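Asker: All chains, full assembly: derive it from the sequences and hints.
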Amino acid sequence: MRRFSDFLILFTVLVAMIGLFGLLRDTFWSVPTLGNIANRIPALALVATGMTVVMITGGIDLSVGSVLGLCGATVGVMMADWQWGLPLAVLGSIGVGTAIGGTTGALSVKLQLPSFIVSLGMLEMARGLSFLTTNSQTKYIGAAVETLGAPLGGWVISPAFVISLLIVVAGQVVLSQMAVGRYWIAIGANREAALISGVPVNRPRILAHALLGSLTGLAAVFNCSRLGSADPNAGVGFELSAIAAVVVGGTSLMGGYGSIMKSFMGVLIIATLEAGLIQIGASEPMKRVVTGAVIVAAVLADTWRRK
Amino acid sequence: MKKLLLIAACLLAACKPADPSNASGKPKVALVMKSLANEFFQTMAEGAKQHQAAHATDYDLVVSGIKNETDLVEQVALVEQMVAQNVQAIVIAPADSKALVTVLKRAKDAGLLVINIDNKLDATTLQQAGLVVPFVGPDNRAGAKAVGEVLAKKIKAGDEVAIIEGVTTAFNAQQRKAGFEDAMNAAGIKIVSSQSGQWEMEKANGVAAGIVAAHPNVKALLCANDNMALGAAAAVQAAGKAGQMQIIGFDNIAALKPLLADGRVLATADQHGDQLAVFGIEAALNALKDKSAPVDQQTPVHVITK
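Residue numbers (the numbering used here), protein chains in the order written: chain A, 1 to 307; chain B, 308 to 613.
Quick caveat, the hints were computed from the structure, so don't treat them as lab data.
Don't take each hint at face value.
Not close to chain B: a few residues of chain A, all C-beta gaps over 12 Å, as computed [claimed, not checked]:
id: 1; residue: Gly85
id: 2; residue: Gln112
id: 3; residue: Ile163
id: 4; residue: Arg191
id: 5; residue: Met254
id: 6; residue: Val299
Here are some chain A residues pointing at chain B (derived, C-beta under 8 Å) [what the hints assert, rightly or not]:
id: 7; residue: Thr27
id: 8; residue: Thr33
id: 9; residue: Asn36
id: 10; residue: Gly102
id: 11; residue: Lys139
id: 12; residue: Pro200
id: 13; residue: Asp231
id: 14; residue: Asn233
id: 15; residue: Arg288
id: 16; residue: Arg305
On a predicted model such as this, the values are computed, not experimentally measured, just so you know.
Note that the Cβ used here is the ideal one computed from N, Cα and C, for glycine as well.
Answerer: Okay, here's the thing in structure tokens:
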């Protein structure tokens with residue numbers, strides 16, 4: 001039950017944070033605040049899910065923030081300029097994300113390049129393409145895109161939140177119950193050993209990157225639907241939030257170990273921290289100092305526990 | 308291999324700038340921008356290019372920008388490159404109001420004319436460096452105050468409002484915040500929170516949602532740019548407060564039009580972004596022509612409500 005007690009530590013951190021912010025600001029323990037947090041996390045939850053898988057295989061993808069921007073730009077151009085419907089835009093966005101993620105994966109696997117470098121190149125290219133496709137202009141889309149981000153039937157939770165939660169759970173099942181999940185872990189733990197034991201090492205890695213790309217595409221749709229617009233500058237620095245959430249959740253940067261459910265706890269911790277700091281009116285420098293400190297503290301706590 | 312080298316050589320040749328000290332005697336003006344990825348600076352650069360195309364016989368124009376609005380090192384390098392290219396004048400939107408002063412002093416010492424647009428260089432720093440650089444541009448503080456006054460008429464003294472600031476280290480962000488404060492203080496309206504949305508829609512959305520939850524009586528959100536106003540409008544809608552709160556922005560970007568039209572956003576300011584670089588270029592050309600020293604010049608800002 002070691003895994004469950006790891007989960008419990010993160011849960012305790014989360015509850016402590018919610019408690020602390022509630023004491024500092026009486027509006028924090030309220031339905032609107034929890035709704036805010038819930039409806040703001042789908043994008044980060046999806047990307048953290050994909051990032052967990054990529055990091056378990058021993059890779060990393062730094063381009064997700066730019067890809068989020070480019071996929072959002074795709075949604076913006078399709079819906080605002082071409083007047084296409086939401087289903088096509090969803091397909092377009094996921095298509096673009098999958099293509100870029102798949103390319104990153106294929107290049108790093110087939111040419112044996114570090115995914116760190118390939119995705120760094122992709123980070124630049126995707127941002128450039130995002131500006132090119134939108135001509136650097138914010139696109140206002142309006143009601144057509146808002147259905148996924150709006151509260152379900154007058155309730156506080158949006159369809160985006162529900163879908164992302166389902167994907168997180170499905171991702172964990174794939175990781176811990178299915179063959180491909182075992183391959184990912186084996187490849188990350190020791191690629192040579194995996195190869196010798198007959199585990200396919202190339203395709204699962206490419207698949208992991210493509211999966212992250214497609215989840216980033218869906219994340220972009222969710223962000224656009226919450227904002228009603230597409231911002232070509234969206235997602236700058238987002239890769240760091242995603243990696244922070246995954247690392248807070250205890251996934252190893254070296255690969256071979258990790259949990260999607262725990263990454264989701266990392267997402268909740270980061271989102272709660274962000275919302276709480278806004279509500280207590282912390283200054284910008286304080287927000288950064290505190291966020292950084294919490295990330296380091298969470299990783300330290302996790303490392304100590306496992307020693 | 309030979310082929311590759313040949314291609315590389317061709318590429319290099321293509322990248323090489325045209326001979327700067329051109330025979331025609333046309334002055335060459337360098338426009339050094341902040342991020343060309345930003346719609347606002349993109350518009351500004353486009354306006355400058357159109358102006359040059361219409362006055363192609365009068366001057367040549369080199370437009371360059373940095374990747375990221377806070378990348379000072381890259382902008383310093385750009386200024387150095389422009390000096391090396393022997394341009395006659397540099398029209399610059401500095402990424403930082405202090406950090407660019409040293410390199411601009413070097414440019415001026417090398418005999419170049421320097422004109423400051425968009426983000427005003429810090430007066431004290433200029434004085435310390437012994438540099439005089441004329442500023443041609445809008446008064447962001449007065450512009451923000453004017454938009455704030457439109458809002459002040461819609462709400463009443465004692466009401467609560469919040470400001471969503473730009474990047475806190477940027478001079479124009481500070482000026483807009485000060486302008487909003489001027490208008491609110493004059494009308495006796497209470498500012499209960501002022502936080503940075505980093506000029507970005509999604510970040511501003513999170514900040515706006517948090518402020519609305521933490522201060523249920525807030526009547527208006529004053530956003531230092533339109534992208535953040537779009538994010539704030541989405542947050543107000545999600546909180547079920549559409550129609551009960553006012554939002555103002557700054558910049559008058561195209562994407563804001565539908566929101567101005569149906570009242571989700573009350574007003575914004577138009578500082579005629581497409582002309583901002585042109586004003587600076589014209590000041591530079593006039594000074595080059597009659598060998599005079601250009602002086603500070605204020606460009607117009609208009610309040611837009613539909």
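Asker: Each hint needs a verdict: does it hold in this structure or not?
Answerer: Outcome of the hint check:
1. Distance check on Gly85 (chain A): its Cβ is at least 18 Å (rounded) from any Cβ of chain B, clearing the 12 Å threshold; non-interface status holds.
2. With a least CB separation of 22 Å from chain B, Gln112 (chain A) remains clear of the 12 Å interface cut-off, as annotated.
3. Its beta-carbon lying about 17 Å from the closest one in chain B, Ile163 (chain A) satisfies the requirement of being farther than 12 Å from that chain.
4. Its beta-carbon lying about 33 Å from the closest one in chain B, Arg191 (chain A) satisfies the requirement of being farther than 12 Å from that chain.
5. The Cβ of Met254 (chain A) lies farther than 12 Å from every Cβ of chain B, with a closest approach of about 30 Å, so its non-interface assignment holds.
6. Non-interface status of Val299 (chain A) relative to chain B is upheld: no Cβ of that chain comes within 12 Å, the nearest being about 24 Å off.
7. Below 8 Å, beta-carbon pairs count as interface contacts, and Thr27 (chain A) has one with chain B at about 5 Å; its hint therefore holds.
8. Evaluation of the Thr33 (chain A) hint against chain B yields a held restraint, the C-beta minimum of about 5 Å falling below 8 Å.
9. For the restraint placing Asn36 (chain A) at the interface with chain B, the shortest Cβ-Cβ distance is roughly 4 Å, inside the 8 Å limit, so the hint holds.
10. Proximity of Gly102 (chain A) to chain B is violated relative to the hint, the smallest CB-CB distance being about 25 Å (cut-off 8 Å).
11. Given hint, Lys139 (chain A) at the interface with chain B, holds; its Cβ is 6 Å from that chain's nearest Cβ, closer than 8 Å.
12. Against a cut-off of 8 Å between C-beta atoms, the interface hint on Pro200 (chain A) is violated, since the closest Cβ of chain B lies about 35 Å away.
13. With a least beta-carbon distance of about 4 Å to chain B, the hint placing Asp231 (chain A) at the interface is held under the 8 Å criterion.
14. A distance limit of 8 Å between C-beta atoms decides the matter here; for Asn233 (chain A) the minimum to chain B is near 6 Å, and the interface restraint holds.
15. Residue-level restraint check for Arg288 (chain A) is violated (minimum Cβ-Cβ distance to chain B is 11 Å; threshold 8 Å).
16. The restraint placing Arg305 (chain A) at the interface with chain B is violated, with a minimum CB-CB distance near 31 Å, outside the 8 Å limit.
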